[in-house]
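Turn these sequences into a full structure, and let the hints guide you.
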Amino acid sequence: MDEKPGAGMESLNMDHFPRRPPINIAFKDIRYKVVSWQTVPPRRKEILHGVSGEFRSGELTAIMGPSGAGKSTLLNILAGFAVKGMSGKIMINGESRESIGLEEFKKVSCYIQQDDVVRPLLTVYEAMSLATHLKLGCSASGKEKHQKILEILSMLSLHDHGSTLSGRLSGGQKKRLSLALELITNPPVIFLDEPTTGLDSVSTMACVSLMKKLAKQGRTMICTLHQPSAKIFEQFSQLYCVAQGVSIYQGPPENVTPFMANFDIFCPPYHNPADFIIEIAAGDYPRDLQRLAEAAEKSGQDYAISNWNSEKCDRGLEMYSLALNDKKASISSSDLGGVQSCLPQPASIWIQLFHLYYRNILIMRRDALNITLRFVAHIFIGVIFGYLYQGVGNNAETLLANFIFVYGTNLFLHYTGQMTVLLSFPLEYNVLTREHFNRWYTLPPYCIALLLVELPVQAFCAISYIIFGYYLTDQPLEWSRFLGFVMFNQAISVAAQGTGFLAGALLPITLAVFLAPVFSCFFSVFGFTSKYTDITAPLRPMYNISYFRAAFQGSFLSLYGNNRSDLPCMEEIYCHYKKPAKFLQEMGFDGFQPIPEVSYILAVGLLAYSLTAFTVWFKLNKR
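Residue 354 in UniProt numbering is what sits at position 354 of the sequence shown, and the numbering runs on without skipping anything.
In case anyone wonders, no lab produced these hints; they're calculated from the structure. Quick caveat, the model's predicted, so the values are computed rather than measured. A couple of the hints might just be wrong.
Claimed, not checked - List of simulated lysine to aspartate or glutamate pairs, EDC-like, C-alpha gap at most 20 angstroms:
(1) Lys28 to Glu46
(2) Lys28 to Glu294
(3) Lys578 to Asp590
(4) Lys619 to Glu397
(5) Lys45 to Asp29
(6) Lys622 to Glu397
(7) Lys216 to Glu254
(8) Lys212 to Asp200
(9) Lys298 to Asp29
(10) Lys213 to Glu151
(11) Lys619 to Glu103
(12) Lys578 to Glu597
(13) Lys143 to Glu126
(14) Lys298 to Asp275
(15) Lys619 to Asp115
(16) Lys579 to Glu397
Unchecked claim - Between beta-carbon pairs, the in silico distance windows are:
(17) Lys622 to Ser163: 50 to 58 angstroms
(18) Lys28 to Pro456: 47 to 55 angstroms
(19) Lys579 to Thr510: 49 to 57 angstroms
(20) Tyr358 to Ala230: 26 to 34 angstroms
(21) Ile371 to Ile545: 32 to 40 angstroms
(22) Cys569 to Ala377: 34 to 42 angstroms
(23) Lys622 to Gln114: 14 to 22 angstroms
(24) Thr257 to Phe618: 30 to 38 angstroms
(25) Thr164 to Lys28: 41 to 49 angstroms
(26) Lys622 to Val518: 24 to 32 angstroms
(27) Ile349 to Ala261: 57 to 65 angstroms
The beta carbon of each residue, even a glycine, is placed where N, CA and C say it ideally should be.
So this is what it looks like as C-alpha cells:
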C-alpha cells in the first residue's frame, strides 16, 4: 500500500454518511465454554472467566493479548458470531442484547474477520456495486449508489483501483476493500478481527489511522490486535487486555505503565508499552492475575465514569444532538429500533437473486478456462468412448459391449457432475460466512443463483458428450430413443451434482473427496453386475434405492426397449441376443417403468440439494 496514512480523507464529502446516534456496548461477567474432545470422556473447557467492560461510541478500542488468551473469542461473542456456550450479560445502550434480539443487533453492526475474504474475479468497483445493490435495495437511486461508492473508495484511498481485480490487490488494499464493503450501510458498530495482520508498518499505520477517523465520526470501533508498535499503540482511545481468559487492564493506553507500577511491575526504560503489557499477559513478569483482574475491572468502571464527565462525553452529546437534528437520525439513543430505522432497507429476495445470479455469470465469464476445460473434456471423452465402442449399438454380437458403454456413460457423467462441484462450498465458505453474517443476502437466493449457473453448464457438458458418444457407437437414430437416453443421463448428472454439493457442505475436504466417490462406486454396482434375484437379501434394499441403477436401466431400455426390432448379426450364424427383449428379460429389466424411475432420480437430486441448503444454513447459524 503506497498511500500515506489517511491520504484522501481530509477532503471527504460525507453527505452520504449521516451521523448515527451513539451505540455503547457494555458486558458483564462474560464466560465462554467449549467442549474439548481431546479427552475421554469429553469435558467442557472455559475460555473466558467472567470478563466485564464497556466500549463506547466515538472511541477506537483495541482488545489485546497473547495467542490463546481469548481476545478473538471475546470479539466473536460481542459481535454475535459466537453464542453457544456463552453466559453473562451484554448491554446495548443500557438494554440487554438478549431482549433486543441478536438479529436486530446485527442490523446495526458489521463484523470483518481476519481473513481477506474478497472475490478475486470481481473488480473493486464491481464488488462495491454488487454490495450496494444488495444492501441498499431500492432505498437509493442508481446515482446515489454510484456517489456513495465513489465516496467510500475515496475515503479508503481505493479510488484509483476501481477497475483492478480484487485478487490482484495488496494485503492492505484487500483489508480496506473488506471495510469498504461494510461501510455501505454506514453501521454504527464495527468489529474487526486483527485488521493489521500481515501488513507492513506503513500499511498498518494507514489502517489504524483510518479506523481512528471512522471512530471519531461517532462509530463504535472494536478490534483485536496482537503486538502493535508504540506509534500504533498511541492511536487507540481505549485498551482492553486479556490474559488466560481474564481482563488485566482496561483504560487508555497511556495509563498502562502507571497502572502496572501500582503492582510493582515496572516497564523498562525505552520499552514499548504494548510489548510490556503483552509480556505481562504472557507471564514474563511475576503477577497475580486475580488482583490484576479485579483492579482492571475497577479501573474500567472509573474510566467509564470519568469519560462520561469528560470533554469526550460532551463531544458525544454534541454528536448526538447533531444526529437528532438530522432527518435520517431522529431517535432516542437508547432505542436500537430507532437506529435501525435510520439504516437503509436491504434488497428484496428477487433483487438479491438477480444480482447474485449476475455476479455468478460475471465470475464464470472471467473464469472461462475452467468452463472451457470441462466442455472440452466431455467432448474428448465422448470421442474416445465413441471410437472405443464404435458400432456396438446396432449389432447383436456386440450387445454386451454396448451394455458396458452405457454403464461407462452413466459413470462418467455421474463423476463429472459430482466432482466438479464437490469443493464449491468449502472453497468459498469464508466469504459466504462474512456476507451472510453481515446480512448481504439470505440463503435461498444464494443457493438458487448458484444452481442457475451450475445446472446449465453441467447439462451442456453432458449433452456434448452424449452427442458424440451416441453417434459414433451407432445407437438407433430415433428421436424417442435418443431423448430417452438423454433424459436418464441428464437426470443422473443432476442427482450426482446434488450429492457433490452435499458432500462438500457436510464433510471436511479430505473426507469429501474420498467418501463421495466411494459411495458412488458402491451404488453404481447395483443393476450392472448382477440381477436382483442374484443379490443377497440384506443388500436388496440398496438395489431398490440406488438412483444409479434406475439411470442405468432407463438408459439401456431407451436403446433396446419399446419393441425394438431384431438386431443384425454380421458374421455368426447364431446370435443369442438377436432379439433385444431376450436380453432385457434375462437381466430383469422388462418390468421397468421410465416415468416413475426418472422421477425418483430427480427426487434424489432434489433431496440432495435440499439437504445441502439445510447443512449450509445450519453451519452459518451454528453460533
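Verification of the hints:
1. Lys28 to Glu46: At roughly 16 angstroms apart (the allowed maximum being 20 angstroms), Glu46 and Lys28 satisfy the hint.
2. Lys28 to Glu294: holds (13 angstroms)
3. Lys578 to Asp590: holds (16 angstroms)
4. Lys619 to Glu397: violated (54 angstroms)
5. Lys45 to Asp29: Holds: Lys45 and Asp29 sit about 17 angstroms apart, inside 20 angstroms.
6. Lys622 to Glu397: violated (59 angstroms)
7. Lys216 to Glu254: holds (19 angstroms)
8. Lys212 to Asp200: Given that 20 angstroms is the threshold and the Cα spacing comes to 18 angstroms, the pair holds.
9. Lys298 to Asp29: holds (13 angstroms)
10. Lys213 to Glu151: holds (15 angstroms)
11. Lys619 to Glu103: Holds, at roughly 16 angstroms.
12. Lys578 to Glu597: violated (27 angstroms)
13. Lys143 to Glu126: Answer holds: Lys143 to Glu126 is near 15 angstroms, not above 20 angstroms.
14. Lys298 to Asp275: violated (23 angstroms)
15. Lys619 to Asp115: holds (18 angstroms)
16. Lys579 to Glu397: holds (11 angstroms)
17. Lys622 to Ser163: 50 to 58 angstroms: Violated: the Cβ-Cβ distance is about 38 angstroms, outside 50 to 58 angstroms.
18. Lys28 to Pro456: 47 to 55 angstroms: holds (54 angstroms)
19. Lys579 to Thr510: 49 to 57 angstroms: The hinted range 49 to 57 angstroms holds for Lys579 and Thr510, with Cβ atoms some 50 angstroms apart.
20. Tyr358 to Ala230: 26 to 34 angstroms: violated (48 angstroms)
21. Ile371 to Ile545: 32 to 40 angstroms: holds (33 angstroms)
22. Cys569 to Ala377: 34 to 42 angstroms: holds (36 angstroms)
23. Lys622 to Gln114: 14 to 22 angstroms: Between Lys622 and Gln114, where Cβ atoms are some 19 angstroms apart, the hint holds.
24. Thr257 to Phe618: 30 to 38 angstroms: violated (48 angstroms)
25. Thr164 to Lys28: 41 to 49 angstroms: Cβ of Thr164 to Cβ of Lys28: about 45 angstroms, so the range 41 to 49 angstroms holds.
26. Lys622 to Val518: 24 to 32 angstroms: For Lys622 and Val518 the Cβ distance comes to about 27 angstroms; the hint holds.
27. Ile349 to Ala261: 57 to 65 angstroms: Once the Cβ atoms are compared, 59 angstroms apart, the range 57 to 65 angstroms for Ala261 and Ile349 holds.
Consistency with the previously given hints fails for numbers 4, 6, 12, 14, 17, 20 and 24, ordered from lowest to highest.
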